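Which chain is which? The protein sequence lines are Y and D, in order.
Using the working numbering, the letters of the first sequence correspond one by one to residues 1 to 331.
Using the working numbering, the letters of the second sequence correspond one by one to residues 332 to 662.
To be clear, the hints were calculated from the coordinates, so they are not data collected in a lab.
A quick note: this is a predicted structure, and the numbers were derived from the prediction, not measured.
Check before you lean on any hint, since a few could be wrong.
Stated by the list, open to error - No more than 30 Å apart at the CA atoms, straight line, and that leaves these computed lysine-lysine pairs for DSSO-like: (1) D:K534 <-> D:K550; (2) Y:K44 <-> Y:K86; (3) Y:K27 <-> Y:K90; (4) Y:K221 <-> D:K563; (5) D:K347 <-> D:K361; (6) D:K582 <-> Y:K259; (7) Y:K286 <-> D:K613; (8) Y:K258 <-> D:K367.
Stated by the list, open to error - If you want the footprint, here are the derived chain Y segments under chain D, 3+ residues with CB under 8 Å: (9) 151-164; (10) 281-288.
Where a beta carbon is used, it is the ideal one built from N, C-alpha and C, also for glycine.
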Amino acid sequence: MKLNVLLIVALIVTGGLSGQVAAQQIKATASIDTSHILIGDQIKLRLELDKPKGIEVDFPMVSDSVTSKIEVVQRGKIDTFQLDDKNRIKLIQQSVITSFDTGMYQIPPFYFRLKNGQLTDSIPTQALSLQVHGMKIDTQKGPTDIKVPYEAPITLKEIIPYILGIILIGALIFFGFYYFQRKRRNEPLFGRQEKTKEPPHVIALRELDRVRGQKLWQQEKIKQYYSEISDILRNYIQERFDISALEQTSAETLAVFKKHRDLADEKSVDQLQQILSLADLVKFAKYEPQPEDNNMTLLNAYFFVNQTKKEEIKAPEKPVEEQEGTEVEIK
Amino acid sequence: MNQSIDIRELNERIQKESSFVDMINMEMNKVIVGQKHLVESLMIGVLSGGHILLEGVPGLAKTLAISTLSNTIDAKFARIQFTPDLLPADLLGTMIYSQKKEEFVVKKGPIFTNFVLADEINRAPAKVQSALLEAMQERQITIGDHTFKLEEPFLVMATQNPIEQEGTYPLPEAQVDRFMLKVVIKYPQKEEERLIIQQNLMKQFPQASTILKPADILKAREVVKDVYMDEKIQKYIVDIVFATRDPKAYKLDKYADMISYGGSPRASISLAQASKAYAFIKRRGYVIPEDVRAVCHDVMRHRIGLSYEAEANNVTSEEIITEILNVVEVP
């Protein structure tokens with residue numbers, strides 16, 4: 001019996017000692033950002049627990065208020081950090097507190113509950129004090145107006161419609177200016193102004209002049225001479241009559257003229273036939289014509305172009321009085 | 332007007348040597364009603380040493396045309412009906428044992444002739460087609476240890492039926508390329524058909540007279556080779572063939588995906604040879620673009636590979652060739 005009593009006492013003593021040892025290894029702290037705040041200011045309340053791994057400790061419950069004068073605005077989650085000593089961890093909970101009454105307040109200690117088997121213990125933090133200051137009132141100055149609300153900073157979303165509006169107005173002004181400029185210059189609104197196309201006969205006659213100036217047949221370049229003359233005429237026919245003479249044989253081109261007699265008079269067609277036939281003989285059969293044939297071919301080419309050319313009829317100018325909307329300078 | 336000596340001499344020679352062309356045409360026209368294009372193509376083949384692939388429905392005087400041509404030239408003619416069970420030996424010949432001589436002797440096949448009509452060539456298997464096409468190319472045949480040169484002029488006219496394609500062996504592209512011309516025969520005109528009926532009802536079958544010897548054809552071939560082809564015409568031929576290979580370069584973008592392969596260099600050679608023969612038939616000593624255009628369809632139609640897209644759009648090689656001729660610039 002005596003032995004049993006001694007055993008129970010020993011167990012209680014050793015159990016109590018081990019709880020104390022564990023409590024000594026656990027460090028609980030509470031802190032606030034500042035101990036002096038203006039009424040309504042919000043500060044952070046930080047609860048920290050430094051403990052070995054494997055020991056279960058319950059965080060104190062932070063309710064809606066810390067004391068009757070200090071309110072909890074926001075309760076944070078408990079974050080866990082691994083310390084350098086891998087056997088220890090740190091738990092931190094941050095809450096936001098405020099007070100709407102001036103005065104000096106005491107924040108009581110927070111108790112962390114330690115569970116060690118069947119035994120429980122609690123580890124307190126230190127108590128904190130918080131001084132809440134009120135606004136200084138200048139009694140000499142008398143009553144003042146209510147301050148207008150602070151203006152919130154302008155966001156991009158708010159200014160985008162204005163930017164777009166400015167761009168649109170700018171674009172409208174630009175296009176208006178562009179339109180009037182184009183209209184004033186008598187140019188099309190879109191695209192480049194088409195260059196005034198030279199009439200086919202002008203090109204053909206100029207090219208024939210060039211061939212005449214080169215004096216090709218006089219330099220024994222007879223094949224080149226006839227090739228160029230026939231090419232000039234075929235190009236002219238293509239542009240003037242819309243006959244694809246460049247992709248047709250001489251016979252095919254002549255057949256078109258003979259079929260559509262309204263395109264050219266008989267004499268012109270005969271001359272064309274003479275030119276093309278002779279040119280074909282020179283080009284494909286090594287034919288060597290006489291010098292008078294060479295001259296005649298060029299003359300016939302000139303004749304054909306002049307006989308078949310389509311002159312542009314210039315519109316007669318309107319009398320000044322009939323012109324509307326034009327400014328007339330009166331001297 | 333003076334003509335360079337070479338061409339003048341050549342023209343005179345051709346005028347003299349080509350006189351038989353009109354006579355052959357006359358004789359053939361006595362027997363064959365219509366089919367002028369077929370007769371002309373046969374002449375091109377005979378004069379340029381090129382073989383002809385004929386496509387047309389039965390009963391269009393294909394056999395009659397070639398047998399009449401052989402009659403006018405006093406040449407040997409053989410018609411071989413190609414069937415699925417035909418063997419190369421049936422065509423070329425084989426070695427048989429002669430009991431009299433007590434040795435193997437060569438039994439020559441029907442190909443040992445001047446003009447061969449290979450009727451319905453696509454009904455025989457590839458090995459027989461191959462044997463014929465090899466003989467066409469090499470112009471010689473080897474049976475056992477003996478090699479025999481084929482008698483000149485040697486012309487093969489093979490026929491294909493465009494309908495009834497079941498159970499046929501279409502000629503591979505590489506072998507089709509060996510035919511210089513592919514001629515498509517159409518039905519005769521109404522009046523021509525009436526004449527055919529009349530001749531048959533009255534049992535009047537005129538016979539063509541012999542007007543030439545095979546040696547004359549060989550002589551004419553030499554003259555055809557001398558027909559002058561200018562560099563400009565050669566460039567024109569090259570342009571046409573290149574347009575089948577690279578349509579985009581000739582502004583024929585719409586056919587770029589429709590042509591799977593274009594004409595081979597053999598196409599260019601054939602086009603040049605056929606143009607020369609055509610110029611000869613027209614009794615000219617030089618080639619003009621009209622000659623090239625006249626033979627272009629026959630030379631090119633079997634040398635353009637059409638893609639699936641072309642077949643889906645019902646685009647034919649005929650259409651492509653016509654478009655190429657309309658686009659390529661004539662010299």
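Evaluated hints:
Proximity of K534 of chain D to K550 of chain D is assessed by CA-CA distance (about 37 Å); at most 30 Å being required, the pair is judged violated. For a cut-off of 30 Å, the pair hint linking K44 of chain Y to K86 of chain Y stands: about 28 Å separates their Cα positions. The hinted pair formed by K27 of chain Y and K90 of chain Y meets the criterion: a straight-line CA distance of about 9 Å does not exceed 30 Å. Simply put, K221 of chain Y and K563 of chain D have alpha-carbon atoms about 15 Å apart, close enough for the 30 Å limit, and the pair holds.
For the given pair, K347 of chain D sits about 23 Å from K361 of chain D by alpha-carbon distance, which is consistent with the 30 Å threshold. A threshold of 30 Å between alpha carbons decides the hint, and for K582 of chain D with K259 of chain Y the separation of about 29 Å falls inside it, so the pair holds. For the given pair, K286 of chain Y sits about 18 Å from K613 of chain D by alpha-carbon distance, which is consistent with the 30 Å threshold. Straight-line distance between C-alpha atoms of K258 of chain Y and K367 of chain D comes to about 26 Å, which keeps the hinted pair within the 30 Å bound.
Residues of the region 151-164 of chain Y lying with their CB closer than 8 Å to a CB of chain D number 0, which falls below the three-residue condition for coverage. For the region 281-288 of chain Y, the proposed coverage by chain D is satisfied: 6 residues have a C-beta within less than 8 Å of a C-beta in that chain, meeting the threshold of three.
Of the hints listed earlier, those the structure fails to meet are numbers 1, 9, in rising order.
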